[in-house]
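Take a look at the letters that make up each chain.
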Amino acid sequence: MKAVVTVMLKAGVLDPQGKAIGQALAHLGFAGVGEVRAGKVIELELAETDPVAAKNAAESMARKLLANTVIESFRVDLS
Amino acid sequence: MKAVVTVMLKAGVLDPQGKAIGQALAHLGFAGVGEVRAGKVIELELAETDPVAAKNAAESMARKLLANTVIESFRVDLS
Amino acid sequence: MKAGIVVFPGINRERDIAIALERASGRKPRMIWHRETDLQSLDLIVIPGGFSYGDYLRCGAMAAQSPVMESIRAHAARGGHVLGVCNGFQILAEAQLLPGALLRNASLRFLSMDCHLRVERTDTDFTAHYQRGQVIRAPLAHGDGNYFADDATLDRLEGEGLVAFRYVEPDGAATAKANRNGSARNIAGILSPNRRIMGLMPHPEDLVDPLMGGTDGAPLFEGISAALGSDRPAA
Amino acid sequence: MTNKPVNQALAAEFGLNAEEYARVLDIMGRAPTLTELGIFSVMWSEHCSYKSSRVWLRTLPTRAPWVIHGPGENAGVVAIGEGLAAIFKMESHNHPSFIEPYQGAATGVGGILRDVFTMGARPVANLNALRFGDPKNPVTRRIVDGVVRGIGGYGNCVGVPTVGGEINFHPAYDGNPLVNAMTVGIAPADRIFLSAAAGIGNPVVYVGSKTGRDGIHGATMASAEFGADAESKRPTVQVGDPFVEKLLIEACLELMATDAIVAIQDMGAAGLTSSSVEMAGKGGVGIELDLDQVPQRETGMSAYEMMLSESQERMLIVLRPGAEGTARAIFEKWELDFAVIGHLTDTGRIVVRHQGSVEAEIPLAPLADQAPLYHRPTAPSPAPGPLGAIPAARLGEDLVKLIGCPDLASRAWVWDQYDSTVGGQTVKRPGAADAAIVKVDGHRLALALTTDCTPRYVAADPEAGAAQAVAEAWRNITATGARPLAITDNMNFGNPEKPLVMGQFAAAVAGIARACTALDFPVVSGNVSLYNETAGSPILPTPAIGGLGVLEDAARAVGLAAAPGQDLVLVGADPSHLGQSLWLREGAGQEAGAPPPVDLAAERRHGDFVRARIASGEVRACHDVSDGGLLVAVAEMLMAGNTGAVLAGPTDGGFWFGEDQARYVVAVADGAALVAAATGAGVPTRLVGRTGGEGLTLPDGATISLATLRSAHERFFPALMET
Ligand SMILES: Nc1ncnc2c1ncn2[C@@H]1O[C@H](COP(=O)(O)OP(=O)(O)O)[C@@H](O)[C@H]1O
Ligand SMILES: [Mg+2]
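Protein chains in written order, with our numbering: chain F, 1 to 79; chain Y, 1 to 79; chain E, 1 to 235; chain P, 1 to 723.
Bound conformation, chain F alone (with noise of 0.2 Å):
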C-alpha cells in the first residue's frame, strides 16, 4: 500500500520559496497566477494492507517526523 504524505507551510508562515515561484512565473510571461505555495511530499511504500491502519501508520510518522507541526501541515492520501 503506497501512502503519499503531502506536507505544507502552515497559513501566516511566510512562504519565500512559492513566492519566488510566483514572481519567476510572472517574469516568464504566465499571467493569471495567484498565490503560489511550495510543499513537500514524500512517497512512503509501506507493508500495511488495511487503509485504516496503513493511514494511522503515516500519520504518525508524520507527525513524529516528516511535518514540524510548529510551521507545517501535512494530509495523509493512500493510493
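Accuracy of the hints is not assured; some may be wrong.
[Unchecked claim] The calculated lysine-lysine pairs, modelled on DSSO-like cross-linking and capped at a C-alpha distance of 27 Å, are:
(1) K19/F with K40/Y
(2) K333/P with K64/F
(3) K40/Y with K2/F
(4) K2/E with K333/P
(5) K55/F with K40/Y
(6) K10/Y with K55/F
(7) K136/P with K10/Y
(8) K4/P with K40/Y
(9) K40/Y with K40/F
(10) K64/Y with K55/F
(11) K55/Y with K40/F
(12) K64/Y with K64/F
(13) K4/P with K10/Y
(14) K2/F with K210/P
(15) K19/F with K55/Y
(16) K64/Y with K40/F
(17) K136/P with K64/Y
(18) K2/F with K55/Y
(19) K333/P with K28/E
(20) K64/F with K40/Y
(21) K40/F with K4/P
(22) K177/E with K19/F
(23) K10/F with K2/Y
(24) K40/Y with K10/F
(25) K10/Y with K40/F
[Stated by the list, open to error] Pulled from the structure, derived: some chain F residues nowhere near chain E, Cβ distances all over 12 Å:
(26) M1
(27) A20
(28) F30
(29) G32
(30) K40
(31) E45
(32) E48
(33) P51
(34) R75
(35) V76
(36) S79
Derived by calculation from the structure, the hints in this document are not laboratory data.
All C-beta atoms, glycine included, are put in the ideal place defined by N, C-alpha and C.
Dock chains Y, E and P with the ligands against the given chain F, drawing on the hints supplied.
Using the frame of chain F, we list chains Y, E and P with the ligands on its own:
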C-alpha cells in the same frame, strides 16, 4: 481554480532525501516501510476557470520552470 | 568545565567548536557519538554546525529524533547547559528544547559572510563576558536560518528577555538589511527560560583567533567556561 | 541495447573506431561479450586513456625535491614540512554541468574530493575554476545559477571550505561551460595510500553508496562533442549525495588509521571498471569480481550496467587478509554499504562473474599496453590580428567600466554562497588575498591556493598564454608571501581530431613546461577534457592551473587590502602592452594583438624580491597586476582596504591598463626605501601613489569616490542573477 503540481525524481535517479528519510523512519522503529521517495508539490491559484486550459497552463509552467525534466517528472491535478 | 560535543552523522563544525572551547578552557572537550547516551558527567553539551543527516527533509529534523537527544533533554532538565550553533540550533528547535523553527533563508540562497550581532543581555553564562548592547562580528554559514515563531511566542521571548543576539548594522541598528536571512525581529539567537540553553545561527567559534580575522567570538567560550568552573587543577 | 549483436557497428556506437575494435578482437582472440566491449570502450575512451594527450603530457616537468608523488596517482603529493604532505588535484565536470548544472557541478566536487581523500588526506580546501558563456545569452544565467548552487550544495554539506577560484565569461563557452573543481588535503607524509593492488587472494571490498544505473557511458560521453542530439544521448544523470560523501570521508580516514588497507581507489568515471582494472593493472595482478555481491539500488541490473555505472560516493579497497571484520565494523558504524565483492588473483586477468556465468574475462596487460595512443596531427594557431588604433584613455571612466565588466566585477555574489570558514583554519577568505590562505590545523604552517588561466591569451598564443597561466599562479602565491611548490593542471580543449585544436594543446603543454621548469613549479597532477565543442565550434583553449604554495608561518601572510597612509609601489617594468587587454576589449571592442610576453627570468626575480620583502615584514599588502592592468590592481587594493589614494604617473592607457606580466603592486610604509632596495636587486620599481582619503585621485586630476568604484564593481552579478 487550483492546480497542484507534484514533482518527483524520475525512476532510477538516486533520491538521497528519500533514502535518508527511510533510514530515519526505520531508526524510529517504524516497521514495514519500503521505498521512500521525496518530491515537491507546488500549489498554484489560477485565474483560469476552464479545467482543460488550466491543466494545460500548469503543465507548461511545470515543463518550463517547476520541474527539471532532466531528472524529474511531474503530474498536474486540479482541485 | 567538562564539555562534550555531540557528533551526528553529517555534522562538520565539531572541530571548530573544540578549538574554541579548548582555547577558552584549556581542556579538550569530549566528542560524543550520537549513539552514546551517558552524558551524566558533563557540564556543557554543544551541538555544533553542519548538515546532520544531510539536512534532508528539514534541517535538524532527523537528529532531533535520535537517542542522544533524550539524554540531552535529561541534562537540560537537570539544569545543565546546552549550546546549539547553526545546525545545533536547528536541532534544538526541532527537538522543541527551544521554541520556533528555522526556515529557508528569505533569499533562498546559502549565506556565507560575516554578520554583526548585538548582544541583548549579559546576565547569562554564555554572554557574561560581553557588554550589554555590544556589537560583535561572526561568520554566517547557513541555508536555513530564518527564525520563525508565532507572535505570541515572539512576544514572550521579548518579554522575558530571552533574545540573546540580534542581527544589526555595525552601528547597532537592527535594520532589515542587516537581517539577511529574514528572521523574525532580527533574532539570531535565543535562550531557554532558565537561560542555560542557547541556540544561535552564526558561528562565534570561527572567530576566536586573530589569525582568522578576529576574536569577537572568544568571549562566549571564555564566559561559559568561567561560569562552569575553571579546569586548572585547583578546581 | 543488450539484445544488439556485439560487432563493429556496436563498437562504433560505444565510441571505438574500426582500428580500435580490431585491436580488441586481436587481444581477445574472439568477439567480446557486451560487458567486455563496454569495458574496452570506457578504458579506451579519451577520458580514461588520455589517448590523444598522453604523448604531450609526458613532456611536462614533474619532479622536484619536495614532490612525493607526481602524476599517475589519484592526486599529486608534495611535502610541505613538519612531516606533512599536501595532496591536490583539479578535475573537470564540463559535460555533465551543461546537461544538469546543479548535479553536474555537485558531482564534480564530490569526484575530486574522493581523488584526494582516497590517498589518505583530510580535505581542507576546495577551489573552482568556472567559464560561462555570454552573460547576455539567457541560458548563461541558468547555468551560473545551477553551477554555483551545486558547488555550494555539495561543498558546504561535506564541510570542506570553498576558498577560491576564478570565473570568466565568453561566448565561446555558450554551449559548453567549464566546471573545474580542485581539492586540497593534508596527510602525514609517511601515511600516503596508493592504488596498486597487491597480495594474491586479498579481498576486494566495495564501500559507500549502492550501485544504480547512473551515468552509464558517462566517460564515453565526456569524450565526444555535443551535437544537436545531446539531449537524446543523455545517460541517467548522476545525483550527488554529499551526506554520504561526508560519511565516506570519515569512515575511510578511520580505516586508514588502522593497518587494514593494501590499496584504495575511488570509483570515478567508468566506476567499477576503471577502479578494478587500474588497481589490478598497476599492481600487476589479476582480479576476480562477483557482481552478485555488489550492493544494488535497482533491480535487474546486468553485468554490463554494473560495470559501467557511474553511481557516486563509492570506493574500492584491497584489504589485508583478515581485516574484513575491522573494516566492516567501521563502515557499518557510519551506515555505509560494505561488501566483499572479489579477490586478487595471479592470472593477470580481470574476471567478472554474475549470476553463475562469466560475463567478462580480459587480460589486463594488453588492455593497458595496447590501449590506443595517438600522435594526432597539429597545426599552428594563426597569429592574432594586429591591434587597431589605440584610443585616448579617459582614466576614471575607463576604470569604472572595466571593474564592472563581467571578467573583473566582484565575485562576492558567488563566494557568499560558499562556506569558506568551516574548519576554522581559513586565514584569507575569497577576495582577501591573491591566493587563499588555509592554515594547517595544529601547526603554524599554511597553504596558499589559487587557480588561474586567461583563456583569451591562450587563444591568441597557446604557448605564451599557457606559460602566462602558470606564471600568474606562481605570482598569486608569491603575492601572499608563500613559497610556490607545485601545480595541478586542467586542460580544457576542443576536438583533438582537429589539427588546430591539437596544435593548441601541444603548444599549451610546451608553455606550461617552459614556465614550470623556469619557476621550479612542477606539475604533480592534472586532468584533460577534450571535445569541448558544440555544433563544431570549440571553446577557447583553457589550461586551468591550480597552484599550491606553503608559508612557514600563517601569521606572515599578506592580503591585498591597502590601508591609509601607505606608499603604493609598482614592482616590475613600466607597462605598455595592450595586445589582448581587457581595456581594448571592453572599451574599443578589440580582441586583437599578441598577448603579453612572458619573461620567466623577470618573473622569478621580481617574485623572489617581493616574497623576501613580505617575509621581512616591510610589505603590508600586495596584489599582482593581471587582467585590467595597473589601475585595476590599485583600485582592487583600495576597495578591499576601504581607502582612497592619490596616484602619479603618465596618463596614457598603455601605462594604466597594459597587461604586462611579472608585476605586483605593494603597499609599504616607506616607498623610497623599497625602491632603493629594489634597485640594488636589479628589480625595476616605481612609486605610483599614496593611500588615504575618500576617493581615488588620478594623474589626470580627476577623482572618483570609493562609493562609485564599489557600486560599479558590485553591480554585475546581482544584476545578472537576481532580477
Ligand atoms: N568560482 C570562485 N569560487 C570562489 N572564489 C572565487 C571564484 N572565482 C573567483 N574567486 C575569488 O575571487 C578573487 C578574485 O579572483 P580573480 O579575479 O581570479 O583573481 P586574480 O585575477 O587576482 O587571480 C580571488 O580571491 C578568487 O579566489
Ligand atoms: Mg587568479
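Hint check results:
Under the criterion of a C-alpha separation no larger than 27 Å, the hint pairing K19/F with K40/Y is consistent with the structure, at around 15 Å. Taking the CA atoms of K333/P and K64/F, the gap is near 24 Å; set against the 27 Å cutoff, the hint holds. For the suggested pair K40/Y and K2/F, the alpha carbons sit about 17 Å apart, so the restraint of at most 27 Å is met. Distance restraint check for K2/E and K333/P: the Cα-Cα separation of roughly 26 Å lies within the 27 Å cut-off, and the hinted pair is therefore satisfied.
Our distance criterion of 27 Å between C-alpha atoms is met by K55/F and K40/Y, whose separation comes to about 21 Å. Note on K10/Y and K55/F: the hinted pairing holds, with a Cα-Cα distance of about 25 Å set against a maximum of 27 Å. Among the hinted pairs, K136/P with K10/Y is inconsistent with the structure: their alpha-carbon atoms are about 32 Å apart, more than 27 Å. Taking the CA atoms of K4/P and K40/Y, the gap is near 38 Å; set against the 27 Å cutoff, the hint is violated.
With a C-alpha separation of about 4 Å, the suggested pairing of K40/Y with K40/F holds against the 27 Å cut-off. Using a Cα cut-off of 27 Å, the hinted pair K64/Y and K55/F is violated, with the two alpha carbons roughly 34 Å apart. Between K55/Y and K40/F, the direct Cα distance comes to roughly 21 Å. Compliance with the 27 Å bound is thereby established for this hinted pair. Using a Cα cut-off of 27 Å, the hinted pair K64/Y and K64/F is violated, with the two alpha carbons roughly 35 Å apart.
Our distance criterion of 27 Å between C-alpha atoms is met by K4/P and K10/Y, whose separation comes to about 26 Å. Among the hinted pairs, K2/F with K210/P is consistent with the structure: their alpha-carbon atoms are about 24 Å apart, no more than 27 Å. Among the hinted pairs, K19/F with K55/Y is consistent with the structure: their alpha-carbon atoms are about 21 Å apart, no more than 27 Å. Simply put, K64/Y and K40/F have alpha-carbon atoms about 20 Å apart, close enough for the 27 Å limit, and the pair holds.
With a C-alpha separation of about 20 Å, the suggested pair K136/P and K64/Y falls inside the 27 Å cut-off, and the hint holds. Of the supplied pair hints, the one linking K2/F and K55/Y holds, its CA atoms being roughly 25 Å apart against a limit of 27 Å. With a CA separation close to 24 Å, the supplied pair K333/P and K28/E stays within the 27 Å bound. Restraint check for K64/F and K40/Y: the C-alpha separation of about 20 Å stays at or below 27 Å, so the hint holds.
Simply put, K40/F and K4/P have alpha-carbon atoms about 42 Å apart, too far for the 27 Å limit, and the pair is violated. Only pairs whose Cα atoms come within 27 Å are accepted, and K177/E paired with K19/F is accepted, the gap being roughly 19 Å. At most 27 Å may separate the alpha-carbon atoms for a hinted pair to count; K10/F and K2/Y meet this at roughly 17 Å. Distance check on the hinted pair: K40/Y and K10/F sit about 16 Å apart at the alpha-carbon level, within 27 Å; holds.
Simply put, K10/Y and K40/F have alpha-carbon atoms about 16 Å apart, close enough for the 27 Å limit, and the pair holds. The Cβ of M1/F lies farther than 12 Å from every Cβ of chain E, with a closest approach of about 22 Å, so its non-interface assignment holds. With 12 Å as the threshold on Cβ separation, the claim that A20/F sits away from chain E is violated: the shortest Cβ distance comes to roughly 6 Å. Residue placement check: F30/F keeps its beta carbon more than 12 Å from all beta carbons of chain E (closest about 19 Å).
Once the 12 Å rule is applied to beta carbons, G32/F is consistent with being away from chain E; the minimum gap is 24 Å. Separation of K40/F from chain E is inadequate, the least Cβ-Cβ distance of about 8 Å not exceeding the 12 Å criterion. Chain E leaves E45/F outside its interface by the beta-carbon criterion, the shortest separation being 17 Å against a cut-off of 12 Å. Even its closest Cβ contact with chain E, about 21 Å, leaves E48/F beyond 12 Å, as expected for a residue assigned away from the interface.
No Cβ of chain E approaches the Cβ of P51/F within 12 Å, the least distance being about 25 Å, so the stated non-interface status holds. Under the 12 Å C-beta cut-off, the non-interface status given to R75/F relative to chain E holds; the minimum distance is some 17 Å. With 12 Å as the threshold on Cβ separation, the claim that V76/F sits away from chain E holds: the shortest Cβ distance comes to roughly 16 Å. S79/F, annotated as away from the interface, keeps every beta carbon of chain E farther than 12 Å; the closest lies near 21 Å.
Checked against the numbered hints above, the structure violates hints 7, 8, 10, 12, 21, 27 and 30; every other hint is satisfied.
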